[in-house]
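Could you put together the complete structure from these sequences and hints?
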Amino acid sequence: MTFECVDGCTWCCHHGVLLYEEDFFELAGCAPLAESTTQVRGEDFVRKEPKERDEHVGEDGQACFFLRDDGLCALHAEHDWKPARCSVFPLSVTVENSDIHVSVREEAHEHCDGLDVSERRVVDHLDAFLPELLWDLDNPETRRRL
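So the sequence shown is numbered by this note's numbering: it starts at 456 and just counts up by one.
Listed below are the simulated EDC-like cross-link pairs for lysine to aspartate or glutamate, each with C-alpha atoms no more than 20 Å apart in a straight line:
(1) Lys503 <-> Glu514
(2) Lys503 <-> Glu490
(3) Lys506 <-> Asp525
(4) Lys503 <-> Glu476
If you're looking for bench data, these hints aren't it; they were derived computationally from the structure.
Have a look at this one:
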């Protein structure tokens, strides 16, 4: 499988973004947390918000707080940084018996325009797809170190 972000897709920006602890602190240096984050079941997420446009939004008319009208991420464009979960999308990362398992999110096959459009094989570039902080987490599904 190959993957490369493509201009105009933004499908990954239509979902909530779970923040790991390191992401939360990094985000605090980029944006006001009270405006840009929310909690769901005790976990911190980047807030989704209604957008006044028809493009670059989910079926509910919402998208990531940081998704600009031009379809680019304000965090990435202005701070050259984005949360770990954004960096790994459309991959899913789990830990089982101390082994890290990487797979493609099931729904990505239907919606992500960047799958199988380039020569960049995911398996050959896992170090680039998976931020360093994920290698150190006991459970990458949460933001907390267990």
